[in-house]
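*Asks:* Here's the letter readout for the chains.
2 protein chains.
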Amino acid sequence: MEKNQSTGNDALAAPAVSVDIVLLTLIDKKLQVALVKSRSSYLNGQLALIGGTVHPDEDKTLDHAVHRILAKRGGLKKIFVEQLYTFGSRDRDDRGWSVSVAYYGLLPITELEKNEQELTFYPVDKLPKLPFDHKKIVNTAVERVRGKGGYSTIPARLLGQKFSMLQMKQIYSAVLGEEIDMAAFRRKVLSLGIVRTTNEKVRLGRATRPSELFELVPGVVNFDSRI
Amino acid sequence: MEKNQSTGNDALAAPAVSVDIVLLTLIDKKLQVALVKSRSSYLNGQLALIGGTVHPDEDKTLDHAVHRILAKRGGLKKIFVEQLYTFGSRDRDDRGWSVSVAYYGLLPITELEKNEQELTFYPVDKLPKLPFDHKKIVNTAVERVRGKGGYSTIPARLLGQKFSMLQMKQIYSAVLGEEIDMAAFRRKVLSLGIVRTTNEKVRLGRATRPSELFELVPGVVNFDSRI
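Heads up: the protein sequence lines correspond to chains P and Z, in order.
The first sequence lines up with residues 5 to 231 when you count with my numbering.
The second sequence lines up with residues 5 to 231 when you count with my numbering.
Check the hints yourself; a few may be wrong.
In this list, chains with the same sequence are indistinguishable; a pair is considered to hold if it fits within one copy or across any two.
[What the hints assert, rightly or not] Result set (SDA-like, lysine to any residue): computed pairs, CA atoms no more than 25 Å apart in a straight line:
1) 64 - 139
2) 64 - 191
3) 140 - 112
4) 130 - 31
5) 41 - 96
6) 64 - 194
7) 64 - 143
8) 81 - 95
9) 140 - 178
10) 34 - 192
11) 34 - 64
12) 152 - 196
13) 140 - 224
14) 81 - 156
15) 76 - 17
16) 140 - 223
17) 152 - 224
18) 64 - 174
19) 139 - 86
Hint data in this document are derived by calculation from the structure and do not stem from the laboratory.
Note that the structure is predicted; figures quoted are calculated from it, not measured.
Go ahead and model the full structure; you've got the sequences and the hints to work with.
*Replies:* So this is what it looks like as structure tokens:
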């Protein structure tokens, strides 16, 4: 706050501010990230994270900018997002000082299928060439989600509203990147009180018996013990 | 990235970008935050968080801006800081869209005493009137440090390099805002392997017996169990 904002137009122009979103979903039991063909003339159609500059005339807050851009680029509404980290430097964009406020979002693939969208998906460990520091931003998001995975219900955002215990185990397994014992997982999750039965059953895939469907207990987000 | 950066000078000027630092220390067994008299003509000497705009010509990264400002306003070098959260909206500053990348820092009061500085300290729960959303930024930092306090060595940054077990307990107690049983704390900390003895002893305060001095085991930052 030492300089007046109106000095921002000269050689010391204020940094360009954009938001970038690491939208993650689970496809083929793998954590995958949504990429879009950039519309900027500078990037010339290259695949990049969903993102864009903050529009001071339209966006009230950074969160609003994120949701405006998710709606515009992916037809996505009411997505769970959390701020991840802010990357800002002289070097991340050849055109000058720039700041990217990065977010990550998680959503079930079933939600994506409902939407008209222009997204393509890549496994987080097999990314194509990405502009700027987008690869670093993806890695930071994956690290955060993996770190939280053990002690939060956040990975469950990758599930639909109702899910079987097997589906839930698969999600945690994919997020944590490790095999999880089914019986131990079931016991732990039930003892932690983070899910409750919906009293509904469905036959999933080629299963011979119908599976009980669960849902998250509202309000429980973090728990101390590792899954 | 949909707009060219060069459009930033018209009505849709890029947001002003500043960094603000919640510098915490322990004084009188209370977590306190460093404030400075703002040098901006807009704030007219009001107390505010240590902060300032990013200088695109001087600062290579956001972290560099933080350390430049800490050095300039507090004479503080090599301070432990972590990015906290980025606050950005149309409303937080009357002058227009602004973004504050907030950081928090922790340092022992002994380090502060060494420095020529213009800082004043207030307990985090007895703040004076602060400009913009600085009170919210302080609260977010305190919440983060308290949340981490239970399972990280981060609060130990408030200690000098060598410390007694009692001093360490007092720090965790102040950060967590709760009384901690000394014997249980000692047992836990030693069993977690986060500290080691320096084989030195000093007589602290009015103690009749000298206290053993410990130091952090390098590389241990997080641990699973709550203190």
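*Asks:* Could you run down the list of hints and mark each one as holding or not?
*Replies:* Right, here's what the structure says about each hint:
no., hint, result
1, 64 - 139, "between (28 Å within a copy, 20 Å between copies)"
2, 64 - 191, "neither (45 Å within a copy, 50 Å between copies)"
3, 140 - 112, "within (23 Å within a copy, 33 Å between copies)"
4, 130 - 31, "within (13 Å within a copy, 50 Å between copies)"
5, 41 - 96, "within (19 Å within a copy, 33 Å between copies)"
6, 64 - 194, "neither (41 Å within a copy, 49 Å between copies)"
7, 64 - 143, "between (28 Å within a copy, 22 Å between copies)"
8, 81 - 95, "between (33 Å within a copy, 24 Å between copies)"
9, 140 - 178, "within (20 Å within a copy, 36 Å between copies)"
10, 34 - 192, "within (23 Å within a copy, 38 Å between copies)"
11, 34 - 64, "neither (35 Å within a copy, 36 Å between copies)"
12, 152 - 196, "both (16 Å within a copy, 21 Å between copies)"
13, 140 - 224, "between (30 Å within a copy, 24 Å between copies)"
14, 81 - 156, "within (23 Å within a copy, 36 Å between copies)"
15, 76 - 17, "between (28 Å within a copy, 22 Å between copies)"
16, 140 - 223, "between (32 Å within a copy, 23 Å between copies)"
17, 152 - 224, "both (14 Å within a copy, 18 Å between copies)"
18, 64 - 174, "neither (38 Å within a copy, 42 Å between copies)"
19, 139 - 86, "both (18 Å within a copy, 21 Å between copies)"
Against the hints set out earlier in the document, violations occur for numbers 2, 6, 11, 18.
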